[in-house]
Amino acid sequence: MRGRDAGTVGVGRLVAAACARACARACAAVWVAVWVAVWVAACASPPRAGPREEATGRASARAERVLREFPAVSDFGRDLTTDQQVLQVLDRAAFGPRPGDVARVRRLGVDRWIAEQLTPDGIDDGAMDAFVARIPPDTAQSNGAADPRVVKVARAVASERQLQEVMVDFWENHFTVYAGKGRPMRDFLPAYDRDVIRPHALGHFRDLLGAVAKSPAMLFYLDNWRSGVRGLNENYGRELLELHTLGVDGGYTQADVIAVARALTGWSIDRPAQGGGFIFRPRLHDTGEKVLLGHHLAAGRGIADAEEVLDILARHPSTARFVALKLCERFVSDTPPPALVARTAATFTRTDGDLRQVVWTILTSPEFFSRAAYRAKVKSPFELVVSAVRALGGQPDSTRRSAQVIARLGEPVFGHQAPNGYPETGTSWMSTGAILARINFGQAAAAGRIPGASLDDWPAARILRTAPRAAQVDSVVGEILGGAASPDSRAILLSGGNPLDTGGGTPLRGLAQIVGLALGAPEFQRR
Amino acid sequence: MERRVFVRSGALALVTLGLSPRFLRRVVFAADLPAARRGKVLICLFQRGAADALNIVVPHGESAYYAMRPTIAIPRPARGTPSGAGTIDLDGFFGLHPALAPLLPLYAQRHLAIVHAVGSPSATRSHFDAQDYMESGTPDAKATPDGWLNRYLAAQGTCEAGRTRAPSTVSPFRAVALAPETPRILEGPAPTVALSDLQEFSVRATGSQVERLEALYRTGSADIVHATGAESFEAVRMLRAANPQQYVPAVEYPRSPFGQRLQQIAQLIKADVGLEIAFTDVGGWDTHVNQGAATGQLAERLADFARGIAALVTDLGDRMADVAIVTMSEFGRMARENGNGGTDHGHAGAMFVLGGDVRGGRVYGRWPGLQPEQLFEGRDLARTTDFRAVFSELVSQHLGGAHLDAIFPGFSATERLGLV
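Each protein sequence line maps, in turn, to chains L and E.
Take 1 as the starting number for the first sequence in the numbering used here and just add one per residue.
Take 1001 as the starting number for the second sequence in the numbering used here and just add one per residue.
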């Protein structure tokens, strides 16, 4: 609620400025008087400042405390203004601002907000957890769990732990698994999201890698559960090297692929049809000695074999570089500056893969706050839909519909067949058919046809629906486009009829038209 | 490779909007549509699920075939007049499944060629991996980011365009997938259109809102978002002007989704929207249980498949001179039937190639035989032709494409099949 009220004030200020201009041109003074009265009434809602300020104070103190867990930084060398820095972190380290978020981050301070978000356990997310607990079980699942796709979209929309959600999306893409692989996969997915990825998304890389290696979802997806000394399956061994750790140019050979696959023999699934867990089957394990990347693995060590393989891979410099590059692509730009990637990789190595420190290096870097990086990323369909619902102050969806909207836009959750995941480069998402679908999505969202997102939920709409066009446009550009509309776009948004001038029609239609244009605009495709 | 970014200059389209003249310097003439060229067209049809090649192009001259498939084999061709229950003989050794009767005239007219024992050098029996390899064109290399059809488009588009035609003359409908999402085979840097229905390729807004949306993409910076948006509006306008749905099919297509998609491909070709590559797919080939013989599950799939293709060829008429159609499936099925009247995953398969310039009327590829020692891993039809040999001949001989080493990296055909 704190954020929402603050948002209203922000909108009010924007509206007031726009209104002054509009009135100078045409508006009747009588209208201004009425409208200002409405605005003042809206701002003078019952005072609940006491507990709110207390909560803010606690949050500040906590943020100050966690800030000390990270190396000191200064904003010297940052190209962006403070307001731009606020928008940059909300667009990259969160799925876009909700009404009021900008004011909240500005108040807390950008670096303190990042530190707080990098410490998700300290952020109260009880309302979100309660919502997730109420999502009805998925009937297609034998274990009575909720559809993990629904859970993931809902959390991205409404969780207070936004950076945690961004990291979950990143790792579920890096360690991608495919829901369509076969019958048991649907049963494995809830635990993969909940118990494998989430607890380690901002933990240590080695722990995450190990949890994935023992997850039925990955063992099934890349066929390792059937791999044995008498029927070696190289599938997981190869992807572990190529896609999960060293990268395709990370300096391994076909012999290393075979060594990893042999070490992983026996890593299997206990009763897969019953959705069972990890099991090591000694009789399937290749007990011979192996050589991996120059390391000698002695014979007869059983499960310790592959544990050491994971140690070697997690600490290899190629892994640090590869993971750093992908994270910089996600957070900074499709072509991140090599110097930043190198510093990020150095943090990865120095901290033994402490992902909080790695992400801190990226998010507080001058490169992250550079003009070149500002609004440089094209949103993925997931980011587009979630950011639109958030911009309108929408609610999480407990049905499959939001996930289906994202799937229709081309990014079905857990729906990427190939083990390389969806592209981290934003421009890969741009295609003719895709952009039409995005434009149509914007129209549907503005018309209230997307679950959870309705103009009725948008706090600004309460006072904007009867405002003049110019005031509406200024607010929409400020709140939904982060003030980033080009002069041309702004003029186009202004070009519609003013419902008050024409004297007819429903006022909200005029506003819906502007919101539809904003959500369908090129500016909203970027973050 | 980065998508090229271009914003066409010109003016006028937005005059109706009443926008300030400032815009008009940067927006486009509605009339400035890419010149539609009547060029070569390649239509790719993917049978997803691993079609049972041995019951589609039947080696009725092999006694081992009948020995291994006691309940599901297609009976030997009937002597005298062909009956509906047996193999339709082609050359005394191979024959077509009776449900493929609609394709027989095309074979007789030498417009249909068959390649047997064709497939991937990868030994995988995973649908997922094998489809991926067939579409990326790089067997056993999973990290290939793009599909081979897109690599063809990119190689042909960027290198040729610089010399012979400006990028702005490339039709937005150069490559179209009749599919809800861009298939792997068309993924990559070159622009493609994916649509499940021509009727849905539109901007769902009314009147001046559509114009305002277009104006948003026609103005502002010249980045990839604006450029792609401008292309989309152009494609929509082109589609509206060409109105492919005005072309009433000359024949009746099957009412199945597959038949309807083929009909829309024909409409795009007839509407001269510059279509060069079309793709669609059809599932239902994973016949592990009760696949039937001359009739049954597989026969029904084949009937739809053959009637659709025959309708497409008839409908296109003279235009088939420029069109080639190729069918593919990720692998074949086990030579021996299983205990459930079906077949499990196998290895090599069969492909159909049809077209005006195709040297049809014969079965290509060396036949490896079905004796136990001739089978792949003792169980499957062995592969004697790499699927990339078929694709690369279509690219070079039918489409006139170069850069085969970029389209199929690491592959060089040992001998030419001579399909085209």
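Be aware that a few hints might be false.
Beta-carbon label-pair distances, calculated as ranges [said to hold, decoys possible]:
1) L:ALA72 with E:ASP1405: 52 to 58 Å
2) E:GLY1284 with L:PRO282: 53 to 59 Å
3) E:ARG1240 with L:ASP83: 40 to 46 Å
4) L:ALA140 with E:THR1071: 33 to 39 Å
5) L:ASP270 with E:THR1071: 34 to 40 Å
6) E:GLY1369 with L:ARG281: 54 to 60 Å
7) E:ASP1357 with L:ARG400: 14 to 20 Å
8) L:ASP352 with E:SER1256: 35 to 41 Å
9) L:GLY231 with E:GLY1061: 46 to 52 Å
10) L:ASP352 with E:ARG1240: 55 to 61 Å
11) E:THR1071 with L:GLY203: 55 to 61 Å
Sample of chain E residues at the chain L side, in silico, Cβ under 8 Å [claimed, not checked]:
12) PHE1201
13) ALA1413
14) ARG1416
Keep in mind the hints are simulated off the structure, nothing from the lab.
Cβ coordinates follow ideal geometry from the N, Cα and C atoms, glycine included.
Outcome of the hint check:
no. : hint                                : result
1   : L:ALA72 with E:ASP1405: 52 to 58 Å  : 53 Å, holds
2   : E:GLY1284 with L:PRO282: 53 to 59 Å : 42 Å, violated
3   : E:ARG1240 with L:ASP83: 40 to 46 Å  : 42 Å, holds
4   : L:ALA140 with E:THR1071: 33 to 39 Å : 34 Å, holds
5   : L:ASP270 with E:THR1071: 34 to 40 Å : 37 Å, holds
6   : E:GLY1369 with L:ARG281: 54 to 60 Å : 39 Å, violated
7   : E:ASP1357 with L:ARG400: 14 to 20 Å : 48 Å, violated
8   : L:ASP352 with E:SER1256: 35 to 41 Å : 57 Å, violated
9   : L:GLY231 with E:GLY1061: 46 to 52 Å : 35 Å, violated
10  : L:ASP352 with E:ARG1240: 55 to 61 Å : 59 Å, holds
11  : E:THR1071 with L:GLY203: 55 to 61 Å : 56 Å, holds
12  : PHE1201                             : 7 Å, holds
13  : ALA1413                             : 25 Å, violated
14  : ARG1416                             : 31 Å, violated
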